[in-house]
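Undergrad: Protein chains in written order, with this note's numbering: chain R, 1 to 443; chain H, 444 to 801; chain C, 802 to 1118; chain S, 1119 to 1393.
There may be inaccurate statements among the hints.
Said to hold, decoys possible - To spell it out: a stretch of chain H is covered by chain C in this simulated footprint if at least three of its residues, at any positions, have a beta carbon under 8 Å from a beta carbon of chain C; those stretches are:
1) 471 to 481
2) 539 to 546
3) 588 to 600
4) 713 to 721
5) 756 to 765
Hints are computed from structural coordinates only; laboratory data are not their basis. Where a beta carbon is used, it is the ideal one built from N, C-alpha and C, also for glycine.
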Amino acid sequence: MKSITQLALGTAVAVGVAFSGLATTAAQAEDSNYVPLLTYRTGPFAASGIHIANGMHDYLKMLNERDGGIGGVKLELEECETGYNAQKGVECYEATKGKGALVYNPYSTGITLQLIPKAGVDKIPVLSMGYGLSAAAVGSVFPWVFNVPDTYWDGASVVIKYIGEQEGGLDNLKGKKIGYIFLDAGYGREPIPLLEQLSEKYGFELMQYPVGVKEMQNQSSQWLNVRRDRPDYMVMWGWGAMNPTAIKEAVKIRFPMDKFIGVWWSAGDDDAAAGGDGAKGYKAMNFSGVGSDFPALDDIKKHVVDAGLSSTDAETIGGTLYNRGVLNSVIIAEGIRTAQELTGKKVITGEDMRMGLEALNLDEARLKELGLSGFAHPMKVTCDDHAGSHPVFIQEWDGSQWRQASGWIEPMTDVVRPLLEAAAAEYAEKNAPWPARTEPCPN
Amino acid sequence: MFYREAGQFKTSYKADQALMPILQDRVGLLVILAIAFVVIPVFANDFFLTSIMIPFLVFSLAAIGLNVLTGFCGQLSLGTGAFMGVGAYAAYKLTTIFPDANVIVMVLLSGVFSAAIGAIFGLPSLRIKGLYLAVTTLAAQFFLEWCFIRIGWLYNYNASGAIEIPHREAFGLVVSGAEATPIVRYFIVLCITAGIAFLMANVLRGRIGRSWMMIRDMDIAAELMGIRPLQTKLLAFAVSSYICGVAGAMMVFFWLNAAEPSSYSIALSFQILFMVILGGLGSLGGAFMGAAFIWILPVFLKFIPGTIGIDVAAETVEHVTFMIVGALIIFFLIVEPHGFARLWQIAKQKLRVWPFPY
Amino acid sequence: MLYDIFIDPFVQMYDMPDFFLQVLWEGFVAGILYALIALGFVLIFKASGVFNFAQGIMVVFAGLTLVGLNENGVPAYLALALTIGAMGILAYGVERVVMRPLVNQPDIILLMATIGLTYFLIGFGEFVFGGEPKQMITEELGLPTGSTAIEFGDRGLVILQHIDIAAAVIAVLMVAALGIFFNKTRIGRALRAVADDHQAALSVGISLNQIWAIVWFAAGLVALATGIMWGARSDVSFALEIVAFKALPVLILGGFTSIPGAIVGGLIIGFGEKIGELYWGGLVGGGIESWLAYIIALIFLLFRPQGLFGERIIERV
Amino acid sequence: MNAFATEMSAEPASVAEAVPREELLRVDNVSLSFGGVKAITDISFDILKGEIRAIIGPNGAGKTSMLNVINGFYHPQQGTITWQGKERRKMKPYEAASQGIARTFQNVALFKGMTTLDNIMSGRSLKMHRNFFWQLIWRGPAEREEIEHRKKVEEIIDFLEIQAIRKTPVGRLPYGLQKRVELGRALAMEPDLLLLDEPMAGMNLEEKEDMSRFIIDVNQEFGTTIALIEHDMGVVMDLSDRVVVLDYGKKIADGPPEDVQANQNVIDAYLGVSH
């Protein structure tokens, strides 16, 4: 039995190769703040991921170029490609956490879920801006996770509120049919509990149309079902290649586009453009600025893109998802700045960063200072509320670009908050013994 | 010169049938075990343990599992990922139903469920062979993946749809959940993998291993020699799925900490299949070599440019990794279709006659 | 429960005939596209006995090349010509680098090699054209984009996308062209000779290498057509690759070497999937499309292990 | 053990005549067809305990199909098979094996990925009983069983004089040796009836002589009944006690070699006289 004798030396080869992997851990730079960016520019979600990655990278890079970093300390940026794959995401996390990472932005609800339990142990906060686990908004249970400015549950409540407005009041929702088409993964399933709750409360019928990751580009069955069921409104929680396909299919079955509303992640310019003329009237939520008419974006163009320091195509600056990425980096940068102020240190740690994020207060004045007046609703994080349930607005596709179509709409905090707390308690119970919060509140 | 069995006489069949009849191999194994159990734990950092050693061992075990089925019994399977998933979900359910039971026992027990599922999907193998059988296993892959998504009970109706591994203690140590240290996880994974590899080495050299290889090499002749094809194939499916199931459970319990259905997708099936083919079909040692190659090479490629100071965009590295892995697979298939295991044999042969060419 | 399974779906079909027709049409179009992918497999399998796993990625690769060239300012038709050229180079390269050195290896090794090729092409395609999905240049290629609604008075309407009609027409033309190519040309005859018996073909002076390069090129052209059609329905992106798996059950039904089989198999899977999903899928939460095709093929296999058009296999010792 | 290999042989035919023998297997009116093509039509014959029975006939006469029917690989549409006094119609190949029917194949059907030793050990499969869990542990019962059977296998290896290739994968052996290993594998089953399908096809004279010697030894020393298909008439006439001749799936002659040789039908069949 030759094969068995190989077992020994086979393993030797393996271990030998493996050992050389030890060399891959690099030392941490002394005088910079290290921010790893988990991004994805490949795979089925790249269409959305690329713009986010560009926005995140460019803003922080711009701070380096224009201001020499934050508080006089440069930012060390490193992108790690996750491909929206949880396994690769964890690998990126493990590879970078030892270098003094300040914060992680997984950009995938799946990866976020995996990092949540690790955050408290490794003392590195997770910033899942407008995605991830909704319950993480409860700061007393999840001190290390931040989902400012809104949770998915906030978003779902805004959509229902908006639909109610269109129908002349939430009471008129009774007997209506609202279809919910979503990516059948952690991401798309996250808002369902809230939608079900609201459906019960307002008497509308919720119809679910899951789209598997594998079927993202082949949604004809889902949309045939939509055609049969004839819902009054469609709500979408899509990402990556799912968005343009869904919009195309909706056009195909002649669904009235003004009654089709996407989450803020289904708000990409390419997504809507895929539908051609037929996509006119498609709506999506948003909480980051529309267009490129902001001084900070001009600075990015000047210092980074035109200087050839980025792979960004200048035309995409100002796109919804690009701006979303910028907003994400604004929060990171402000978190670092706040942490520096709180601790008096220039080079900070993950624990400092956590405090910085928890004390984040991005008010109108500060936004103006940053050259981003009107780019986002002023936002504030408290120890108790890591999301803040900030207002969002609805934008509409006019066939060539997005236009703001509503004012700022407040989420239904009264419905959402108790659910969040219940969900957080349930999470802690399921994951018992979940550590009780010991981190002091900086506010 | 140094690798030579001359002078080592076997005076009993027992000695001749030992796992490693040649002294140098036995010494080699001891050295490896010493490295695995002593040197690595002492010197390795967390990254090395968590991102290289633990996945490597998990994948090695999965590759052994697939090798039993494909390499030893000759039944091509593209459903490895799903069978690993069955193990993971079963272990998760077990540990949430019996929170006080030893989680390591639960992980080992979870394989029983995947073995049962594997045997069910192995049933058509009596009538279907080769590529046709691949369709059966693809059906298993996609059907089970669908179950992981649609059957809420499997993931305790978590809103996220993912299984999140709870904190568990055993032998006074935290063994799963975020607080479990890499070293503890490493030891558990190492012991389970080494243990199962050893037990499989036993099975494969005996009657049952032979009956699998008989089916693989010539199923008709095997049947005419008294091998019951269905029982034998089903046993291979069950054993293979058991091992894959345990590997899948270890993957989520001791490595990833949480898993979505997409963690056990067809991509994983292919990854394991690559390991088996490149390592060498029908070779236990090959499973380890294949796993090392397929897992560690991309990790390497990913972090090397940064380490040596070349600034390459993350996605470019990813693309190039795909190209290199793809090209290397073709390259190795051309150079040695029987995998690293055969290359290793050839090297040993050369070593044996060294310094002479023949 | 029994009512939901055995009666209700048929009542629905009767109640909403327009919807049922729409479902059939969608199934038909999906079936055509599956058949096109399967066709690529059949061509290569016939000539070389290789199950070309890379057919799926070739579809993506062809589509990407076309769109990528156009994005970089190449006019659509020139881009199409260049893409055809690229598929030719790919075919030659595959024959030269992969097929020739691996001749006479067991099936599983060849299968693995094409999986390796898949990985390589994914990396290469993303490296050159980027990883994000792209819009198919439907209009630039002169393909129709609109839709026609056929109304049945008050009983509703069926919407036909022009691109889907075009896909059906192109598929028919493609099969016809391949049929003529196989039956009427010298190369086609040589190809059939190779399919029957490699050794015998060699002995009458047919160059295997040349034939293989030609079939890979033909498969590349089929991939291009598939890529354009599928890309026009959704996007050109690497997620399309998953569709290639569907070719396997199609081939099981139709047989690995039969071109008509690929078409019939594709249509069975296309219809079966859509009807199953829309009328029975809801009973178990939907999404059964992802595995229904395999289960159909599996059930089929249990009763007819040789496929729809295959001959009964007699085992010999 | 080597004792019986050294001691070689008188005329086998004389042994056959010496003792009246009981019937081991009888085939009655067996017909087999594949989708309309008749492979075997209404054939009956018997095999007596301890004899060497030859089945001959031109190519395509249905000889191999006949063996396949006997060991359960094909199921005849008509007719019965009586094995050790028990009548049967349908039987799975592994059941035939467990009842003591072993065989070799026209085109060597060894397990190519395994060594000579393992190939012959595979013949012991039916006689080994330690279950999966004992196998996992190996130490103790499983190992003892393995060693016990290894001894038997080593005896066969000695008998067939293939000690030197014990650990060689059979795929690398020359054809003649492969045939010998295949015989060894069948012998390891300690069968009551050994079916040999062209044991000497493609061999040179020397190899044929060796093989003939082994066949006779097996028959005489182990008392194994043998049914063989062979094209070499010389070999058939020398070895066999009785011969059955098939042509186009029908039996055309049956009897001692000398009678068959003189039979006009047989001569016609071999010369290809049209029907």
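Undergrad: State for each hint whether it applies.
TA: Taking the hints in turn, this is what the structure says about them:
1. 471 to 481: violated (count 0)
2. 539 to 546: Answer violated; 0 residues pass the 8 Å Cβ test.
3. 588 to 600: holds (count 4)
4. 713 to 721: holds (count 4)
5. 756 to 765: holds (count 7)
In summary, the numbered hints that this structure violates are 1, 2.
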